[in-house]
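Peer 1: Those protein sequence lines, which keep their order, are chains A, B, C and D.
So the first sequence is numbered by this note's numbering: it starts at 6 and just counts up by one.
So the second sequence is numbered by this note's numbering: it starts at 6 and just counts up by one.
So the third sequence is numbered by this note's numbering: it starts at 6 and just counts up by one.
So the fourth sequence is numbered by this note's numbering: it starts at 6 and just counts up by one.
Derived by calculation from the structure, the hints in this document are not laboratory data.
It should be emphasised that the depicted structure is a prediction, and the values quoted were computed from it without experimental measurement.
Worth double-checking, as some hints may not be accurate.
It does not matter which identical chain is meant; a pair holds if it fits inside one copy or across any two.
Quick list of in silico lysine-lysine cross-link-like pairs, DSSO-like style, CA-CA up to 30 angstroms [unchecked claim]: (1) K80 - K286; (2) K338 - K80; (3) K80 - K151; (4) K209 - K65; (5) K338 - K65; (6) K59 - K279.
Number of protein chains: 4
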Amino acid sequence: MAGNSFGQLFRITTFGESHGAAVGVIVDGCPSNIDVDLEFIQAELDKRRPGQSKITTQRKETDTVQILSGIFEGKTTGTPIAMVIPNEDQRSKDYSHIKDTYRPSHADYTYDVKYGNRDYRGGGRSSARETVARVASGALAKLYLKQLGIEIFAHVSAVGTIDSPNIELTDLNELTEIRESNIVRCADPATAHEMIELIDGIRKAGDTIGGKIACVIRNCPAGLGEPVFDKLHADLGKAMLSINAVHGFEYGSGFLGSEMIGSEHNDIFVANNKGEPRDLKLKTVTNFSGGIQGGISNGMDITFKVAFKPVATIMQNQATVSSSGEAAEVFGKGRHDPCVVPRAVAIVEAMAALVIADHFLRNKAYNG
Amino acid sequence: MAGNSFGQLFRITTFGESHGAAVGVIVDGCPSNIDVDLEFIQAELDKRRPGQSKITTQRKETDTVQILSGIFEGKTTGTPIAMVIPNEDQRSKDYSHIKDTYRPSHADYTYDVKYGNRDYRGGGRSSARETVARVASGALAKLYLKQLGIEIFAHVSAVGTIDSPNIELTDLNELTEIRESNIVRCADPATAHEMIELIDGIRKAGDTIGGKIACVIRNCPAGLGEPVFDKLHADLGKAMLSINAVHGFEYGSGFLGSEMIGSEHNDIFVANNKGEPRDLKLKTVTNFSGGIQGGISNGMDITFKVAFKPVATIMQNQATVSSSGEAAEVFGKGRHDPCVVPRAVAIVEAMAALVIADHFLRNKAYNG
Amino acid sequence: MAGNSFGQLFRITTFGESHGAAVGVIVDGCPSNIDVDLEFIQAELDKRRPGQSKITTQRKETDTVQILSGIFEGKTTGTPIAMVIPNEDQRSKDYSHIKDTYRPSHADYTYDVKYGNRDYRGGGRSSARETVARVASGALAKLYLKQLGIEIFAHVSAVGTIDSPNIELTDLNELTEIRESNIVRCADPATAHEMIELIDGIRKAGDTIGGKIACVIRNCPAGLGEPVFDKLHADLGKAMLSINAVHGFEYGSGFLGSEMIGSEHNDIFVANNKGEPRDLKLKTVTNFSGGIQGGISNGMDITFKVAFKPVATIMQNQATVSSSGEAAEVFGKGRHDPCVVPRAVAIVEAMAALVIADHFLRNKAYNG
Amino acid sequence: MAGNSFGQLFRITTFGESHGAAVGVIVDGCPSNIDVDLEFIQAELDKRRPGQSKITTQRKETDTVQILSGIFEGKTTGTPIAMVIPNEDQRSKDYSHIKDTYRPSHADYTYDVKYGNRDYRGGGRSSARETVARVASGALAKLYLKQLGIEIFAHVSAVGTIDSPNIELTDLNELTEIRESNIVRCADPATAHEMIELIDGIRKAGDTIGGKIACVIRNCPAGLGEPVFDKLHADLGKAMLSINAVHGFEYGSGFLGSEMIGSEHNDIFVANNKGEPRDLKLKTVTNFSGGIQGGISNGMDITFKVAFKPVATIMQNQATVSSSGEAAEVFGKGRHDPCVVPRAVAIVEAMAALVIADHFLRNKAYNG
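From just these sequences and the hints, can you work out the full model?
Peer 2: Listed below in structure tokens is the structure:
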């Protein structure tokens, strides 16, 4: 109830502050006998790691994961898997200046009101450092989904007003390679170049900028998602909205769909005679439904977009108020991302994997 | 886990098919000693009721709620409150034509795959008729919030591409009156007129159209929302995305915020010397945060928008596939809404009330 | 969190006061395509029904169940099943004398302290009338378990100090017949006769008496139960302890087991060469483990016992205190059971069925 | 759902195998601003620690707890508290002999059936080593309860057939001192002496023996516990039954109460004129209710008893079956307790503290 757990059957519980000893997660409900590829998990963490390029924060963390339980002879045992990522480069003294001052658009004030005892070093629990635990556990979920043939791909579709053209979602592995070949993680190389230029300029100005991430889940079996409250897209939406800095979520036709008329928007069913994609009985000609109808997956690509606001920490002085209610100033310092989306690609994929793994198990319980 | 419950401490569980005997809800966790104003509850239901105007479905339901438990001498007792709304005008024979045919962009196919036993009469559980249970229980949540001084206001901000100008959110009671003075439930009368014209044309063409609803929650105390996964906006997002036909959710600056830079987007704190709004210690000059920072309310207006796709049932024949995989045709008939947003205003408010009541109790448990 | 739900995947939520309009339950998570035998459900309710014999309360209730949702063409659809049992013979005026007086060993005082608004008519929510909802939903669980080949049998093993000898648990259907042939529901006819005499004498003296119920679950597959907190016997224990008047629970060797030494108590494994019972790979020579090892079923009979205190309502005047703290007297009147165990057999079986159905689904999710 | 979490609002999730790297726990929902006395936590762990006397296992563990998060400047922050206890003296090779053999009355077989991948070193997750995480988190709960004035006291009331006389529950601190003055942890010194003799003899014979623990919770406010399924004693029962080797639970009059008649068993209310105990409005003359009526605490002492079977590991050879179904023998070796109850006193108190802390928060949410 204190909100540090996510998922019902494939369930994670995270802990750890930005500047404490470690951040970590317990995965409870990972099925047994899944091969645990530690290199894969570390590679996922590396995509989220700070300091990976000139357009990310310069905090130095190796983000090396330690697994304390739940794995025996290279396979999951069905018991809880605890993963711990020690903090290495905290520099807590960077934060003494905000001990008694509320940074604009941060959680300093709301945490103070709520708890009355705030770990002011780097945002404590509200720091995006918490997401390292999501990526670690999401990597485990991905290993499970891989075994089921389910693929997930996300990339940066926009930075500020620079939108990437709609890329063709053919081979997701290939797209991942293209994405990983540029530091902004956009699958369209030309747009990636523009985005990097933009972010670099923003960084030099001591400012930050928002962006969007698009995601597709492929080969998801039909039938996942529970009707009414736990619709598949509602749980995906909650997952994404729980990521730091996210201000919007849309799936399928999204906000644009609200401007359409029914006769254009309806996805016509056709028999899937050629068995493409895969073994689906039916497919739809268009996919405004984003692979989900009535909250339940229909076997088509699940597609959604996530909007991130600009990071609140800027390298500029800002007026604010102190905890005693006096006018104050916050100075621009510390190590932060000029734009969060390149590193957030790994987080979006991780959260998507956690939702799908959870709903796969939920559906299996009743209808498996 | 089968997903028919919502909320943790103020928790609802709904039941009922579109064409079964009744739809209903158990509210478990409503505090004791709340005055239950039955007329208010019925008035809320009337806003969602079918057949209320020429631009809604002509199904005739009085939607009269029966309360079976949990209330004694006009007050809640702290025990579960069961509310039942009988179905009166089912006309199930209207649906025999879709027994073996999958309607485009409905849940017929996904339910069939998932459960293998589909109540095909009117969409069964995937029908928007289920939302009558949300409005009934949301009305109870509203009565609780009223006692706490918290106000909720939603209205239709767009139909198709007709967007209402940003209305000034001064007196929410007054705005509610303006909204209720037109059948499309837009708080801007001039835009309302245009919207009604548009929907009426769409209806005559046998088509449907999407739209958007904007919502504001006022006087919410600072401190509601749990960090990490159960951020206040993440739970609001899930609540909204669980409503039939919703394809998008954004709060505060939303999708537009992803195009902004940090120095514009940051909400500067100032001391609230004049005690306006109310007793807040601080307020912010702008409100791109939408009243929520780090997932926790900061006392400012909570603002969000919800995007609805066009209703899938159109009065036109459409190609589709039968349950045996043959090409088939779905004929346009039945009684449906040309545009769902006028009736959905009550649902959006109800779900918002349920989320806030739940988080109020959650915060009270730990920090009350 | 307000505690009116039970189970995780096969989950029930109950509502209703003793003297309100109705008592009922929503079953959320019953798999689809289970044949619903309404006569069986009603027959289960009849075993718990008041007024069934001279040794039960004389309140007249037909306990006729109405199903409002979740069943289509005689089968479950996978959606919530709402069951309502109207109250017919409330006689609320019987209770005006306890409006301001706390009955000894009832929940009057604790409800008053907790909620500050008590439905004093007949104990409100703390009345054993609530268990009718458990029996109705448990009957549904039994129908599911039947399909899986799992059997449940309980009987009255003791009334006061009259203990039935250990009966041989051969054919459970036969034992059920013997049990149903006497009004106290003991599977040993000679002991049943003694028990009935005892209860009848107690009843005439205006007093009440406690008793015990023994239960066996047969053909439960090995593997049910989750290690650590949700051990199968821990969930059975909670289920039983949640029944009105229960003061103790033991499984397998129980309290007596705490007096034994390990070399006697250990259940030696042997290969199950003859395939008896059924298809188990192993069986144990003794069964002090009660069919559960490490919290997980091992395929042997699951056995447990439940202790019920004497009913608190007696037909004698008792000293007490009024809600204003004055000395007062409670008069012996109303319609109550001299001994609760004959009717509680159906409740014990229902709760056992709910636990097993839930754990069957939980195990299926991960290991099915 | 995989059952490694306990509690709703004060919620723990544990991880770790007997012979893995570490055992640990995340406490989610501990209120902020509680002073964390690390010495107290360690002292609690020391009471459960192996190797503490001649009548406990000789495994050497310092059980030193590391806190990774959730505490800032000596106080809880309201965020998750992760505690890790490294395993130091695993000697996994001790267990190679049971890799393919099922030990009688252990969980080897059931884990194998359930998960198909068993960490056979020392029982893995089914080892009582898991309970170190319960004691660590229970110590935190105790610190919270202390602040609220609530006291918990448990002691060994029986070993085998040696029962301690009913001790007078006057000063619980004094009783704790007496209990800690003997290695069997019985509050009656004469009986303690007998118990120690008995266990020592059993140990020398390579056997084990069961026992019972009695517990009292004092100064619990009236109003804790939720009616129907989450009755306070039902949650206490589940908590206790989830501890390794527990086969029975009873509260108040318990199993003996089932042999009583109502007129003796009813607890008569009297006004608490002298304000003793404390500020209760009412008290009862007797306390067969064990401090709980209708599932809700009434302010009197909460009393219950827990029965433990003899430990399954004995220093004698036993016949069994191998994982391939062949007859086999298990040799008596390893380091184990001849009687588990002296060390389990700390576990019983810890679980009781967790239940009360959880229900305190639950009640505060609704009625605080």
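Peer 1: None of the hints should be skipped; say for each whether it holds.
Peer 2: Going down the list of hints, with the structure as the test:
1. In the homo-oligomer, the alpha carbons of K80 and K286 lie at most 30 angstroms apart only across protomers (25 angstroms), although the nearest pairing inside one protomer, at 34 angstroms, exceeds that limit.
2. For a Cα distance limit of 30 angstroms, the shortest separation of K338 from K80 across copies, 28 angstroms, qualifies, whereas the shortest one inside one copy, 44 angstroms, does not.
3. Proximity of K80 and K151 under a CA criterion of 30 angstroms is satisfied intra-copy only: 15 angstroms inside one chain copy versus 35 angstroms between copies.
4. For the homomeric pair K209 and K65, the shortest alpha-carbon distance inside one copy (20 angstroms) is at most 30 angstroms, but the shortest distance between copies (58 angstroms) is not.
5. When the C-alpha separation of K338 and K65 is checked against a cutoff of 30 angstroms, the pair qualifies only within one copy, where the shortest distance is 16 angstroms, while the shortest distance between copies is 49 angstroms.
6. Proximity of K59 and K279 under a CA criterion of 30 angstroms is satisfied in neither setting, with 47 angstroms inside one chain copy and 45 angstroms between copies.
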